[in-house]
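A.B. asks: Sequence:
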Amino acid sequence: MSLFKNQNIKIYNSISKNKEVFKPINEGAVGMYVCGPTVYSNVHLGNCRTFLSFDLVFRYLNHLGYKVRYVRNITDAGHLENDADSGEDRIAKKARIEEIEPMEVVQRYTIDFHNTMAKFNALPPSIEPTATGHIVEQIGIIKEILKNGFAYEKNGSVYFDVLKFNESHHYGRLSGRNLEDMVTNTRELDGQSDKKNPQDFALWKKAEPQHIMRWPSPWSDGFPGWHLECTAMSTKYLGEHFDIHGGGMDLKFPHHECEIAQSEAYNEQNPVNYWMHANMLTLNGQKMAKSTGNNILPNEIFTGNNTILSKPFNPTVVKFFMYQAHYRSILDFSNDALEAAEKGYNRLMEAFNNIGKLPIEAKTSWNLEDWKQSCYDAMNDDFNSPILIAQLFEAAKFINAVKDQKATITEKDLEGLKATLSAFIFEVLGLQDVDSESSNTGKLSDIVNLLINLRNEARANKDFATSDKIRDELAAIGIQLKDGKEGTTFIL
RNA sequence: GGCAUCGUGGCCGAGGGGCUAGGCACCGGUCUGCAAAACCGUCUACUCCGGUUCGAAUCCGGACGAUGCCUCCA
1 MSLFKNQNIK
11 IYNSISKNKE
21 VFKPINEGAV
31 GMYVCGPTVY
41 SNVHLGNCRT
51 FLSFDLVFRY
61 LNHLGYKVRY
71 VRNITDAGHL
81 ENDADSGEDR
91 IAKKARIEEI
101 EPMEVVQRYT
111 IDFHNTMAKF
121 NALPPSIEPT
131 ATGHIVEQIG
141 IIKEILKNGF
151 AYEKNGSVYF
161 DVLKFNESHH
171 YGRLSGRNLE
181 DMVTNTRELD
191 GQSDKKNPQD
201 FALWKKAEPQ
211 HIMRWPSPWS
221 DGFPGWHLEC
231 TAMSTKYLGE
241 HFDIHGGGMD
251 LKFPHHECEI
261 AQSEAYNEQN
271 PVNYWMHANM
281 LTLNGQKMAK
291 STGNNILPNE
301 IFTGNNTILS
311 KPFNPTVVKF
321 FMYQAHYRSI
331 LDFSNDALEA
341 AEKGYNRLME
351 AFNNIGKLPI
361 EAKTSWNLED
371 WKQSCYDAMN
381 DDFNSPILIA
391 QLFEAAKFIN
401 AVKDQKATIT
411 EKDLEGLKAT
421 LSAFIFEVLG
431 LQDVDSESSN
441 TGKLSDIVNL
451 LINLRNEARA
461 NKDFATSDKI
471 RDELAAIGIQ
481 LKDGKEGTTF
491 IL
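Position one of the first sequence corresponds to residue 1 (the UniProt record's numbering), numbered consecutively onward.
None of these hints come from the bench; they were simulated from the model.
Accuracy of the hints is not assured; some may be wrong.
Below, computed lysine-lysine pairings styled on DSBU-like, alpha-carbon distance capped at 35 angstroms [stated by the list, open to error]:
hint : residue 1 : residue 2
1    : Lys164    : Lys67
2    : Lys23     : Lys196
3    : Lys164    : Lys119
4    : Lys119    : Lys147
5    : Lys363    : Lys418
6    : Lys17     : Lys311
7    : Lys5      : Lys93
8    : Lys93     : Lys67
9    : Lys236    : Lys311
10   : Lys287    : Lys10
11   : Lys119    : Lys372
12   : Lys252    : Lys5
13   : Lys469    : Lys357
14   : Lys196    : Lys236
15   : Lys363    : Lys397
16   : Lys412    : Lys443
17   : Lys5      : Lys143
18   : Lys19     : Lys67
19   : Lys372    : Lys443
20   : Lys119    : Lys154
21   : Lys357    : Lys290
22   : Lys443    : Lys10
23   : Lys119    : Lys23
24   : Lys397    : Lys343
25   : Lys17     : Lys372
26   : Lys311    : Lys290
27   : Lys412    : Lys311
28   : Lys19     : Lys418
29   : Lys372    : Lys67
30   : Lys357    : Lys406
Simulated DEER-style distance windows between Cβ atoms [claimed, not checked]:
hint : residue 1 : residue 2 : range
31   : Ile100    : Gly293    : 19 to 27 angstroms
32   : Glu369    : Lys443    : 24 to 32 angstroms
33   : Asp483    : Ser422    : 23 to 31 angstroms
34   : Ile308    : Ser374    : 58 to 66 angstroms
In this text, a Cβ means the ideal position worked out from N, Cα and C, and glycines have one as well.
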């Protein structure tokens, strides 16, 4: 029997602002769409947080036995830099700067994005469609919206008529905005726009002569509006009405609001049951954003090549750090917080690796079933990874107690404990055991072990001058010796 | 200016009317030739001012502050 039959998930639905019991449209199956990156530069850490948040959702749903179709797009069509008609396509701009073809930019940064997510051990989505691969579908939707009277054409561009739409529908439902307020608060643009109202948004834009990325359409040679691609691709792969739509908090308005409007204007369907928004990662208290330069690249963290951190950090440690905060909370990135996370992570992994060394007894002095359910409870409560991690530390404490013979466990429970821990640490959180992979291999390891043996001989002879010299000089190179009951180990 | 979200101990972060997570640091202890590492223990906090309540960090109102969105952004 699938686990999901016993575990009831609650999801915070951005549109109702409440936690709601999750009930998929089709029992046992989940359709999830997440807005992916615009591939015009290296993916930054803030982007990664959002995708890691939804990776957790994907992994947990999978763990529970749901059949999940997870669609995450790549925005490669390029969109205007500002709202004025003369704005330049960002991908084209980047291409001009780097003197390469626009699709070369797209290719380069798509690869970077995939590499980075792989380092974080994020699962690839089930389908990863591109905007440029769905121009036909987007044109099809525009035609329908025009036919339904919620869009108008002007000078080869097509705009969504927000005021008209709002007469019969509710524009602003998701973001809690009121169209009348928006109209009164909007400052006038320079009057260059073809739009009837500043709130209207483009479904299709006629391309200026210098614009490289362009496709033919009934209205002009041009390119689709940004909001449209998600409507087209989510509809194509998940249907007109699907379960979960996710994205960064910054996409709530206008992007997701416009998606809802487009879907309703297209087919009178509320497209999404559960809207999920992952909160921002801040750096120095400010949102990380490519456009402002306030960002740090994942690779700069992994290599240590940056001005913010004192040392390199492994991707899995960065991920663990992120999961110690709830996805709906703003999280501030700092050296101190990362170092604290790294130590905690090491403690957890060490406890996990000690499971095999535990003594077996006739009784278990701990309620394993309650603990296990508390892990599920944490995740069921809107994917509360910080509480899950707290529960994992409870298990670590218990493991250490058994090791010190202050608690006991049976063979059967030991297996159960290991299976549950393994499921949550590796399967659900998607963490990796980096320590056991890296340090104990190769010639370096042999050399260090040789020195360890020499030191231990010196210690046995009470030649502490020599033994301390070996220890201290290794430490100066960056190799730390750890004396334990079962001998001496080292970490780099 | 409008719309949101948030303000928790030295730091990071959960929780969300009485049962008061977790991690890191500090301090104390076990271990050690001494250390380090590891493990154990300790540390009781919710911006301010009113209100509701037997009881508020938690609910309501206000003030102050922070952040996000209102233009492309995860």
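A.B. asks: Determine for every hint whether it applies to the structure shown.
C.D. replies: Right, here's what the structure says about each hint:
1. Lys164 / Lys67: violated, 39 angstroms
2. Lys23 / Lys196: violated, 41 angstroms
3. Lys164 / Lys119: violated, 47 angstroms
4. Lys119 / Lys147: violated, 46 angstroms
5. Lys363 / Lys418: The hint holds at about 17 angstroms.
6. Lys17 / Lys311: violated, 40 angstroms
7. Lys5 / Lys93: violated, 51 angstroms
8. Lys93 / Lys67: violated, 41 angstroms
9. Lys236 / Lys311: violated, 45 angstroms
10. Lys287 / Lys10: Within the cut-off at roughly 28 angstroms; holds.
11. Lys119 / Lys372: This hinted pair holds, its Cα atoms lying about 29 angstroms apart.
12. Lys252 / Lys5: Given pair Lys252, Lys5 holds - Cα atoms ~31 angstroms apart, limit 35 angstroms.
13. Lys469 / Lys357: holds, 32 angstroms
14. Lys196 / Lys236: holds, 30 angstroms
15. Lys363 / Lys397: Holds: Lys363 and Lys397 sit about 18 angstroms apart, inside 35 angstroms.
16. Lys412 / Lys443: violated, 39 angstroms
17. Lys5 / Lys143: violated, 42 angstroms
18. Lys19 / Lys67: Answer holds: Lys19 to Lys67 is near 22 angstroms, not above 35 angstroms.
19. Lys372 / Lys443: violated, 41 angstroms
20. Lys119 / Lys154: violated, 46 angstroms
21. Lys357 / Lys290: violated, 48 angstroms
22. Lys443 / Lys10: Cα-Cα ~51 angstroms, so violated.
23. Lys119 / Lys23: Given pair Lys119, Lys23 holds - Cα atoms ~32 angstroms apart, limit 35 angstroms.
24. Lys397 / Lys343: holds, 15 angstroms
25. Lys17 / Lys372: With Cα atoms ~29 angstroms apart, Lys17 and Lys372 stay inside 35 angstroms; holds.
26. Lys311 / Lys290: holds, 23 angstroms
27. Lys412 / Lys311: Since the Cα atoms of Lys412 and Lys311 sit roughly 42 angstroms apart, the hinted pair is violated (cutoff 35 angstroms).
28. Lys19 / Lys418: Holds, because 31 angstroms separates the two Cα atoms, which is no more than 35 angstroms.
29. Lys372 / Lys67: Cα-Cα ~23 angstroms, so holds.
30. Lys357 / Lys406: holds, 15 angstroms
31. Ile100 / Gly293: 19 to 27 angstroms: Holds, at about 22 angstroms.
32. Glu369 / Lys443: 24 to 32 angstroms: violated, 47 angstroms
33. Asp483 / Ser422: 23 to 31 angstroms: Holds - the Cβ-Cβ distance for Asp483 and Ser422, about 29 angstroms, lies within 23 to 31 angstroms.
34. Ile308 / Ser374: 58 to 66 angstroms: violated, 36 angstroms
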